[in-house]
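A.B. asks: Each chain, written out:
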Amino acid sequence: MKEKLMAIREEAAADIRNAKSSGEIDSVRVKYLGKRGSLTQVLRSMGSIAPKDRPAIGRLGNEVRNEIEGLLKEADESLKMKERGEKISSGTIDISLPGKAPQRGAKHPLTQVLDEVKEIFIGMGFSVVEGPEVELDYYNFEAMNIPKDHPARDVQDTFYINDEVLLRTQTSPMQARYMEKHQPPIRIIVPGRVYRSDTPDASHSPVFTQIEGLVVDDGITMGNLKGTLDVFAKGLFGEKTRTKFRPHHFNFTEPSAEVDVSCVICNGKGCKLCKGTGWIEILGCGMVHRRVFEMCGIDPKKYTGFAFGIGLERIALIKYGIDDIRLFYDNDIRFLNQF
Amino acid sequence: MLAPLKWINDYVKIDDIAPQTFADMMTMSGSKVEELIEPGKEISNVVTGRILKIEKHPHADRLLVCQVDAGSGVIQIVTGAGNVREGNMVPVALHGSSLPGGVRIKRGKLRGMESDGMMCSSLELGLEEEDAVHGIYILPEDTPVGRDVKEVLGLDNVAVDFEITSNRPDCLGMIGLAREASATFGRELHLPEVSFAESGERTEDYIDVEIKDRQLCSRYAARIVKGITIKDSPEWMKERLTAAGVRPINNVVDVTNYVMLEYGQPLHAFDYRMIDGGKIIVRSAGDGERIITLDGKERLLDSSMIVIADTKKALVVAGVMGGENSEVERDTTTVMLESATFNGTAIRMASKKLGFRTEASSRFEKGLDPNTVIAALDRAAQMVAELGGGVVLGGAVDRYQQRKEPWTIDISAKRINRFLGTDISEEDMVRMLESLGIRVIRDGGLKALIPTFRADLENEPDIAEEIARLYGYNNIRSTLISGETTQGGRTREQIIQDIARDVLTGAGMYEVITYSLASPRDFDRVNIPSDSRLRKVVRIANPLSEDLSIMRTTLVPSMLEVMNRNYSKKIDGGMFFEIGKTYNPLDDPKEKLPEEDNVLILGMYGGGDFFNLKGDVELLLNRLGIKKYEFVREADNPTYHPGKTADILCGNSRLGIIGEIHPDVSERYGLPEGVYIAELDFDMITRMSELGKKFKKLPKYPAVERDIALLVPEDVMCSQIEGVIRRTGGALVESVKLFDVYTGKQVPEGKKSIAYSVVYRSDSGTLVDEEVNGLHQRIVEAVKSELGAQLRL
Chain A
1 MKEKLMAIRE
11 EAAADIRNAK
21 SSGEIDSVRV
31 KYLGKRGSLT
41 QVLRSMGSIA
51 PKDRPAIGRL
61 GNEVRNEIEG
71 LLKEADESLK
81 MKERGEKISS
91 GTIDISLPGK
101 APQRGAKHPL
111 TQVLDEVKEI
121 FIGMGFSVVE
131 GPEVELDYYN
141 FEAMNIPKDH
151 PARDVQDTFY
161 INDEVLLRTQ
171 TSPMQARYME
181 KHQPPIRIIV
191 PGRVYRSDTP
201 DASHSPVFTQ
211 IEGLVVDDGI
221 TMGNLKGTLD
231 VFAKGLFGEK
241 TRTKFRPHHF
251 NFTEPSAEVD
261 VSCVICNGKG
271 CKLCKGTGWI
281 EILGCGMVHR
291 RVFEMCGIDP
301 KKYTGFAFGI
311 GLERIALIKY
321 GIDDIRLFYD
331 NDIRFLNQF
Chain B
1 MLAPLKWIND
11 YVKIDDIAPQ
21 TFADMMTMSG
31 SKVEELIEPG
41 KEISNVVTGR
51 ILKIEKHPHA
61 DRLLVCQVDA
71 GSGVIQIVTG
81 AGNVREGNMV
91 PVALHGSSLP
101 GGVRIKRGKL
111 RGMESDGMMC
121 SSLELGLEEE
131 DAVHGIYILP
141 EDTPVGRDVK
151 EVLGLDNVAV
161 DFEITSNRPD
171 CLGMIGLARE
181 ASATFGRELH
191 LPEVSFAESG
201 ERTEDYIDVE
211 IKDRQLCSRY
221 AARIVKGITI
231 KDSPEWMKER
241 LTAAGVRPIN
251 NVVDVTNYVM
261 LEYGQPLHAF
271 DYRMIDGGKI
281 IVRSAGDGER
291 IITLDGKERL
301 LDSSMIVIAD
311 TKKALVVAGV
321 MGGENSEVER
331 DTTTVMLESA
341 TFNGTAIRMA
351 SKKLGFRTEA
361 SSRFEKGLDP
371 NTVIAALDRA
381 AQMVAELGGG
391 VVLGGAVDRY
401 QQRKEPWTID
411 ISAKRINRFL
421 GTDISEEDMV
431 RMLESLGIRV
441 IRDGGLKALI
451 PTFRADLENE
461 PDIAEEIARL
471 YGYNNIRSTL
481 ISGETTQGGR
491 TREQIIQDIA
501 RDVLTGAGMY
511 EVITYSLASP
521 RDFDRVNIPS
531 DSRLRKVVRI
541 ANPLSEDLSI
551 MRTTLVPSML
561 EVMNRNYSKK
571 IDGGMFFEIG
581 KTYNPLDDPK
591 EKLPEEDNVL
601 ILGMYGGGDF
611 FNLKGDVELL
621 LNRLGIKKYE
631 FVREADNPTY
641 HPGKTADILC
651 GNSRLGIIGE
661 IHPDVSERYG
671 LPEGVYIAEL
681 DFDMITRMSE
691 LGKKFKKLPK
701 YPAVERDIAL
711 LVPEDVMCSQ
721 IEGVIRRTGG
731 ALVESVKLFD
741 VYTGKQVPEG
751 KKSIAYSVVY
761 RSDSGTLVDE
771 EVNGLHQRIV
781 EAVKSELGAQ
791 LRL
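Top line first, the protein sequences correspond to chains A and B.
Just so we're aligned, residue 1 is where the first sequence starts under this note's numbering, counting upward by one.
Just so we're aligned, residue 1 is where the second sequence starts under this note's numbering, counting upward by one.
By construction, these hints were calculated from the structure, which means they are not laboratory data.
Do not rely on the hints blindly, as some may be mistaken.
Said to hold, decoys possible - Ranges of calculated distance between the beta carbons of each label pair, as one might list FRET restraints: (1) A/200 with B/747: 26 to 32 Å; (2) B/587 with A/147: 52 to 58 Å; (3) B/690 with A/200: 53 to 59 Å.
Said to hold, decoys possible - Which bits of chain A does chain B cover? Going by a derived footprint, with three or more residues having C-beta under 8 Å, they are: (4) 46-55; (5) 106-118; (6) 132-143; (7) 234-242.
Ideal Cβ placement from N, Cα and C applies to all residues, glycine included.
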């Protein structure tokens with residue numbers, strides 16, 4: 001018995017030495033230690049030897065098993081190391097081959113800029129609401145303090161459906177609609193399409209997008225208007241952006257202003273984009289006119305507020321340095337995939 | 001409004017302020033400068049000189065050597081221009097001078113001859129775009145020597161073009177602008193002093209005025225100047241008018257224009273001989289009445305327009321343009337000057353109907369101050385007498401019944417400061433208002449007394465604006481909104497739209513945005529039946545063109561156009577989507593506005609098939625938590641291919657349609673076959689979407705997978721087979737996955753081979769083989785008997 005064990009030990013050690021792959025190691029393991037392996041067979045026949053010899057043989061049997069297992073493990077590890085090394089050294093790829101990207105899509109640049117604008121105002125507690133594009137003359141003009149036959153109507157070339165209905169020329173009518181239904185505090189922005197009968201060219205489009213803003217509360221000041229739009233301009237065009245408020249006239253605000261931002265290209269030094277002035281006009285704004293409040297059922301003695309209107313295409317043109325508004329509506333993939 | 005700075009300087013001293021500074025500060029105080037026009041800005045050190053002597057250049061045939069007296073001394077100039085003669089007065093660019101375009105002139109030698117400067121052409125002085133007259137610009141004989149050429153040629157006439165908003169008609173005159181400048185720079189305003197002698201004859205003996213309707217004309221005043229000679233105006237007058245953009249005509253017409261530009265009050269001069277009956281009647285025009293206006297065109301009038309007539313005929317379209325019949329002629333000796341206030345709306349409508357605006361109508365239409373009428377009339381009478389050598393008759397005829405009086409506005413410095421967010425003292429506020437001609441009365445509180453030329457000032461916020469703009473908008477401190485905080489955010493609809501955009505762009509699609517204005521021809525182009533509801537549209541009464549004359553009811557045409565535009569640029573293929581509105585008129589005639597519905601449209605061309613687009617739709621619906629939708633064959637929508645189209649249903653609701661565009665339609669849009677579109681009702685999707693997510697426990701017990709391969713008749717739809725498997729298998733069927741569909745070799749005609757992998761799992765224990773085998777067998781039997789399938793081995 002003892003001899004048999006010793007022979008197995010020798011034989012196994014030799015087999016392990018000769019094994020050339022981790023697969024062969026596995027075969028050696030099965031050959032000696034498997035269910036029908038020779039060592040297993042020997043140990044299973046322990047019953048046939050004299051009881052007094054059993055402890056010694058048993059011990060020897062375990063020793064041999066441990067030894068074989070040890071050798072197997074050692075050989076297995078070193079072979080695996082070797083095999084991995086070989087695999088790695090033969091697995092070099094040409095890393096300069098092109099990547100396999102999934103098909104790329106993109107949101108429209110106007111959507112992307114609008115998303116940024118929304119983010120900025122939502123952060124200041126504004127809600128985003130929307131209103132109808134086919135609108136009553138009343139909301140588009142009269143409730144905005146532009147009565148019938150007012151010269152201000154000439155400035156905005158309006159598409160009419162009939163005497164009472166038109167395509168809104170501005171997002172401002174939503175000011176009136178919202179104030180009729182909500183009491184202050186009000187903080188909303190209203191993005192949406194507006195229409196003017198302008199023939200399409202590089203800077204005009206009969207359909208374009210505005211973002212109206214309205215804030216109404218007790219104690220709202222013109223300083224608040226400036227502060228809010230400062231945050232907006234810096235948020236959209238960068239921390240270094242400065243704003244300039246110029247007096248202007250709109251029927252539905254008093255005082256009214258136009259706002260310029262320091263040129264995003266030259267930062268105010270003067271370049272082609274800003275026509276050498278260092279400033280670019282981006283929006284109109286003002287303190288909500290008393291008469292607008294009265295028409296919408298808000299008490300002008302108790303509340304004040306401000307409103308602004310931003311042209312989305314305009315700020316997108318500035319932000320991306322695009323020189324033709326028609327590109328937004330052409331939807332050429334070579335344009336869309338740049339954003 | 002084009003304002004020469006020299007003219008403004010007549011009323012307020014500004015000639016020591018740099019033009020750019022003037023323009024900037026006026027803009028910031030509320031008079032927006034469109035453009036600063038400085039014709040001679042780039043010219044320096046160019047003077048007038050007389051050519052004393054011309055000799056041939058000793059070494060060059062084409063060059064001349066001139067001795068020129070430039071005032072400061074005689075200099076030698078070599079020139080190549082052949083048009084100069086001895087004795088000519090010419091512009092001389094001296095050594096170290098500059099010319100437009102950044103040209104610098106320096107002393108130098110030309111072919112060995114010293115040249116101390118350059119004689120200039122009109123092109124070189126920037127007077128013309130192209131060199132019309134070849135050669136040196138020859139000045140008039142009597143031009144003095146050594147003068148700055150900018151002065152001589154009027155190139156120092158700096159002018160500012162102001163954008164005057166509709167609320168400030170008072171700024172449509174130099175005096176109004178000077179008043180703004182006076183307030184802006186804190187300098188005194190000087191109004192013109194008007195005085196003239198009147199003859200013993202009375203105006204009222206010559207002319208009577210009757211206003212038929214006071215709604216149309218609140219004031220009409222007239223004066224008569226006799227014994228004048230019509231001739232050209234003096235140079236200073238011509239120069240001023242030209243600088244202000246008005247063409248000089250003759251002394252009388254020029255005066256009316258001059259005073260209009262000065263006071264903002266349009267005037268008109270009539271040849272007194274042509275006024276029949278010695279009477280002026282202000283009345284509505286008759287419908288169909290005709291008049292030949294000063295431009296020689298016959299105009300057809302209607303009763304909404306105002307005319308100035310005599311007892312027999314219309315003389316003038318009031319406030320718009322004079323008539324040929326009473327025009328001031330060369331032989332006119334007596335003129336009647338008119339100064340009046342007409343109804344702004346009536347003038348605006350008349351000028352719109354007649355299709356032209358004039359300097360006069362663009363002022364009247366904004367509503368002018370009747371209290372300026374006499375000042376302007378007197379000024380004109382004075383100037384006509386001065387320039388035409390006549391006498392002014394005694395008194396003016398003045399019809400003015402309802403006097404417009406100044407009004408007051410209660411103001412409080414505290415309220416204004418609270419409104420603006422400023423801390424301006426009451427004294428400063430009063431000073432600012434008074435600089436604008438607004439007196440402030442202390443009467444317990446403060447009352448601002450508004451002059452009648454400021455009709456735009458109605459209440460305290462208007463006064464606050466006057467203060468804010470003079471204080472400087474940019475001096476108001478920016479502050480953040482305080483007070484009650486508000487919870488901002490997007491609506492559910494917006495959130496769902498944003499998710500849709502993310503999902504679809506993630507799937508490789510480009511978002512497009514197209515016009516919502518459409519063409520009525522689109523319906524035929526996409527095969528929409530003539531009785532379709534989609535043809536009921538919102539129509540624009542005054543469209544830009546037929547192609548943009550309706551509000552769209554479908555997004556299919558604009559999506560096809562996008563694909564066409566890309567395809568025609570040789571872009572092989574693309575996937576697009578748009579979330580846009582359709583505008584659908586309601587049946588109820590009381591509803592004035594249409595319903596605006598949100599639609600999501602997906603489009604794909606050049607590669608990919610029905611199932612690619614279907615996969616995108618499924619991806620989206622799944623992401624939006626819409627369950628149990630199904631695709632049902634739709635063979636009757638003529639826009640789509642009858643065999644490759646499905647309605648997308650969810651219970652009883654129709655979510656949309658998906659399919660290949662009918663080849664006829666694709667062809668009409670210049671697209672190849674294989675264009676796929678899906679239209680989805682986004683409002684419905686928004687309603688059905690369930691964004692709430694709920695955790696489902698991970699399975700505890702192992703799954704058992706069995707494949708099933710079948711031979712089925714070709715018209716059996718995959719959804720039918722899957723339906724049978726699920727119904728028969730019940731709760732133990734976890735998933736049914738199609739992994740092969742095949743027709744062709746080895747498959748009999750009229751059949752298709754189809755293979756599924758079915759996963760069984762129980763959530764109450766490990767399934768044993770016998771259980772699964774039994775169930776799987778029942779499924780196989782059901783598919784065989786219900787759908788005529790054969791098992792394929």
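A.B. asks: Is it true that the C-beta distance of residue 690 of chain B to residue 200 of chain A lies inside 53 to 59 Å, as the hint says?
C.D. replies: Check failed, 42 Å falls outside 53 to 59 Å.
A.B. asks: Could one say that the CB atoms of residue 587 of chain B and residue 147 of chain A fall in the range 52 to 58 Å?
C.D. replies: 32 Å, violated
A.B. asks: Are there at least three residues in the stretch 106-118 of chain A whose beta carbon sits under 8 Å from a beta carbon of chain B?
C.D. replies: holds (count 7)
A.B. asks: Closer than 8 Å Cβ to Cβ for three or more residues is the test here. Does the stretch 234-242 of chain A pass it with chain B?
C.D. replies: violated (count 0)
A.B. asks: Taking a Cβ-to-Cβ distance below 8 Å as contact, does the stretch 132-143 of chain A have at least three residues touching chain B?
C.D. replies: holds (count 5)
A.B. asks: Three residues or more, CB to CB closer than 8 Å: is that satisfied between the stretch 46-55 of chain A and chain B?
C.D. replies: With 0 residues close enough to chain B, the hint is violated.
A.B. asks: Has the hinted range 26 to 32 Å been met by the Cβ atoms of residue 200 of chain A and residue 747 of chain B?
C.D. replies: Violated, at about 56 Å.
In this structure, the hints that do not hold are numbers 1, 2, 3, 4 and 7, in rising order.
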